[in-house]
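Q: Residue strings, one per chain:
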Amino acid sequence: MPVTRSAPGPLPPAPALLLPLARAIDWPPLAVAVPLAAALAAVVRPGEPVDPSLGLLVLRTAALLLGAAAAFALVDAMGTGTAATPVPRWVRQWARTVMAGAVAAAGWGVTYAIVAARLAPGDALPLAGTAVEAAGCVLAALAGAALAVRHHPGRQAALAGVLVQLVLVVAARPVGDAAWPEPGAPHWDAAHVWWAAALPLFVLVLLLAHRDVR
Amino acid sequence: MNRALVLFEARRLLRHPVPWAAAALALAVVAVRNAAWLPDLTMTAIDTVAGSSLVAAAMLVVAHLAASRDRRHGLPERLAAMPAREVARTRAVVLAAPAVGGLVATVMIFPYLLVVSASDTAAGRLDPYEAFGGVALAMLAASAGAALGRWTPWPVAPPVAIFLVAFALLGDPRGEYGGWFLPVVPAHDVSWGDRPTGWHLVYLLAAAVFCAAVALLRHGPRPARTVVALAALLVAVPAGASATASAPAPGTASRAAPGPAGPAGPADQGGQGGQGGQVCERHDGVSYCAYPAYRPWIGAWARAVRPIVSAVPRRALERIPVIRQGPAHSSALDGPNTPRTWTVWSTDPGQHGTVLAGRVAAAVTGLDATGPEGRCGGLGRARTVVALWLAGRAGPLLEAPGPDDWRGVPSGGPAPAWQLRVRMGDDGRELWFPGQLGVRYGAAEVGYARRLLGRPDADRRVRAGWDVLTAPGTTIEQALPLLGLRPEFPSGKDVPCP
Numbered sequence: 575m576p577v578t579r580s581a582p583g584p585l586p587p588a589p590a591l592l593l594p595l596a597r598a599i600d601w602p603p604l605a606v607a608v609p610l611a612a613a614l615a616a617v618v619r620p621g622e623p624v625d626p627s628l629g630l631l632v633l634r635t636a637a638l639l640l641g642a643a644a645a646f647a648l649v650d651a652m653g654t655g656t657a658a659t660p661v662p663r664w665v666r667q668w669a670r671t672v673m674a675g676a677v678a679a680a681g682w683g684v685t686y687a688i689v690a691a692r693l694a695p696g697d698a699l700p701l702a703g704t705a706v707e708a709a710g711c712v713l714a715a716l717a718g719a720a721l722a723v724r725h726h727p728g729r730q731a732a733l734a735g736v737l738v739q740l741v742l743v744v745a746a747r748p749v750g751d752a753a754w755p756e757p758g759a760p761h762w763d764a765a766h767v768w769w770a771a772a773l774p775l776f777v778l779v780l781l782l783a784h785r786d787v788r
Numbered sequence: 003m004n005r006a007l008v009l010f011e012a013r014r015l016l017r018h019p020v021p022w023a024a025a026a027l028a029l030a031v032v033a034v035r036n037a038a039w040l041p042d043l044t045m046t047a048i049d050t051v052a053g054s055s056l057v058a059a060a061m062l063v064v065a066h067l068a069a070s071r072d073r074r075h076g077l078p079e080r081l082a083a084m085p086a087r088e089v090a091r092t093r094a095v096v097l098a099a100p101a102v103g104g105l106v107a108t109v110m111i112f113p114y115l116l117v118v119s120a121s122d123t124a125a126g127r128l129d130p131y132e133a134f135g136g137v138a139l140a141m142l143a144a145s146a147g148a149a150l151g152r153w154t155p156w157p158v159a160p161p162v163a164i165f166l167v168a169f170a171l172l173g174d175p176r177g178e179y180g181g182w183f184l185p186v187v188p189a190h191d192v193s194w195g196d197r198p199t200g201w202h203l204v205y206l207l208a209a210a211v212f213c214a215a216v217a218l219l220r221h222g223p224r225p226a227r228t229v230v231a232l233a234a235l236l237v238a239v240p241a242g243a244s245a246t247a248s249a250p251a252p253g254t255a256s257r258a259a260p261g262p263a264g265p266a267g268p269a270d271q272g273g274q275g276g277q278g279g280q281v282c283e284r285h286d287g288v289s290y291c292a293y294p295a296y297r298p299w300i301g302a303w304a305r306a307v308r309p310i311v312s313a314v315p316r317r318a319l320e321r322i323p324v325i326r327q328g329p330a331h332s333s334a335l336d337g338p339n340t341p342r343t344w345t346v347w348s349t350d351p352g353q354h355g356t357v358l359a360g361r362v363a364a365a366v367t368g369l370d371a372t373g374p375e376g377r378c379g380g381l382g383r384a385r386t387v388v389a390l391w392l393a394g395r396a397g398p399l400l401e402a403p404g405p406d407d408w409r410g411v412p413s414g415g416p417a418p419a420w421q422l423r424v425r426m427g428d429d430g431r432e433l434w435f436p437g438q439l440g441v442r443y444g445a446a447e448v449g450y451a452r453r454l455l456g457r458p459d460a461d462r463r464v465r466a467g468w469d470v471l472t473a474p475g476t477t478i479e480q481a482l483p484l485l486g487l488r489p490e491f492p493s494g495k496d497v498p499c500p
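So the protein sequences, as listed, match chains F and C. Just so we're on the same page, this note's numbering is the position in the first sequence counted from 1, plus 574. Just so we're on the same page, this note's numbering is the position in the second sequence counted from 1, plus 2.
There may be inaccurate statements among the hints.
Claimed, not checked - One side only, chain F facing chain C, incomplete, derived with CB under 7 Å:
(1) Pro-603
(2) Ala-605
(3) Pro-609
(4) Thr-635
(5) Leu-638
(6) Ala-642
(7) Val-672
(8) Gly-728
(9) Leu-733
(10) Arg-747
Hints in this document: simulated from the structure, not taken from any laboratory. Ideal placement from N, C-alpha and C gives every residue a C-beta, glycine not left out.
Put together the whole structure using the sequences plus the hints.
A: Encoded structure:
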């Protein structure tokens, strides 16, 4: 608990904030997950074209994996000591969220490119729908981890991200493939409207979780 | 000292909310999914064990946290002064975590399976090895979590392990690539034959011991740990290979009849004779034959057609052939209007029950798609109206398919009002039927059937005029006075027929 709070002043220039934060972020999880996702796409069914169902499964696994790894970026090892800094917590946490999210998105993009290149000629996986799913998987993990790191110190708090992902995946099982439609399913577009509608909810949780800790 | 540490770890893990929450969620999901089907203990056990993989995932995470705890929170420095060394703490985790994981999985799996097996309609055979496989799975996950915690203390290791295993399971649910070396093989059809659950259980337990030994090997290759690891490996690999070798090949049934092959004779009460390893029972004048393990479902089949058989003269029941059960993977009915049942049966009366009722209604009125006029023999005939009226008594009466709808062209989107879509499993397989009789009919037949359903005296009129109404040559126009209806629908113009 800080004794004094600094008066809100102009925010520091972006590099002055982002560079130290970029150095402070726990990158190894993403450094593991990004190559792993790409490798999964590259080695699955070696030597033969990937059918769209399997390609979609690779993309969904990659999204969950990258989301779970990105969640570790929200852990601020100095969380208890940085409350008195002039930069509010929400700015720092959002900067972490955006940086980790960008790396996860880039990793997923590479995975998508590999999967798309390995599909048989004539097959395709819609980028928009799969990208919305991936954004949902990553944001769900970030939201879960953001809530956990608010209350618990230590890197293991970020595991709340994977727990939220698992709960959402398992809780969607009773509706069958309604939440995870197969490529070409008649309800593909409708399902992804729901996915897109869920994204603001995760952002709302992030907004709440990134507030200053009093 | 060691015992106290084991008890300490066990208490901490038992109090951890995550495995229990995972068990509750997994149980709820399994119960909701299975509530859609008449219980088949073979499939229920497989589904429950597959659901328990969430418990296993939770145990992997918490065991990883427990095993890597002494590397966090600045504990290494403090613990260095303690008399117990790291290896004692690892040993405590690898003993406590699998025990707790097994307990949580047991609490999730067994009470549920016992409740389901107590149901009157529970068919199939409960394979205890299958159920214990779920317990062993949680134990293996706990051991693997401890090993990961010792060898890779980064907390990202559990999610990576969970998602990679989940990918392997979902990408290959039949075990075609990993075989029975996969921790769960969730896809099954009872017609594939027995699963090598015993060998798989041995494999899972040996793999759990192997992971525990690997966790301890982090503290140096002592002889006991090395021997245990090698011995566990020597058991796990042959057991997994043996399970894989004796696994049922999808689509090639090891025997014609699923379930335990029982003697058909003593169970045969209907005098129809058990054929093809089936047992037969007679209900309300109709004979039903089921694979022996599925006999408890016969009552549900009889209930589905009771509104029909109770509305027709007794002598008409002779037209209904013996209703036989077939495997779920056969994609069609045996004949255009042969009533039959499957090794899956939905609890939704609008699904399999409606198909069966429609085919029984067609059969009892003598509609025969194998006749010279094929599927068009019922067009404009009174017996088609009667059959639709009977089908409407038993369940929802569909709209008449349009001219193009009979060609079987798949239509996307939700099922249209003229189509019957029947789910044949949780994996999304469906059978699609245009109309509900197996023969073609039009809006006129459906229209008159609806009028008939609205008449309180329809039952009496149909019984009184049964022979005329179901005679092959009686047209709708001739039958309308008998049914107390007035002409209002032009018939036969909207149905394509050669």
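Q: Does each hint fit the structure? Answer for all of them.
A: Comparing the hints with the structure gives:
1. Pro-603: At 4 Å from the nearest chain C Cβ, Pro-603 of chain F passes the 7 Å test, so the hint holds.
2. Ala-605: violated, 10 Å
3. Pro-609: Violated. Min distance 11 Å.
4. Thr-635: For Thr-635 of chain F, the interface hint holds, since the closest Cβ of chain C sits about 4 Å away, which is under 7 Å.
5. Leu-638: Result: holds, 5 Å to nearest chain C Cβ.
6. Ala-642: With a minimum Cβ separation of about 4 Å from chain C (threshold 7 Å), the hint on Ala-642 of chain F holds.
7. Val-672: violated, 20 Å
8. Gly-728: Given a least distance of 6 Å, the restraint on Gly-728 of chain F holds.
9. Leu-733: holds, 6 Å
10. Arg-747: holds, 5 Å
The structure fails hints 2, 3, 7 (numbered hints given earlier, in ascending order).
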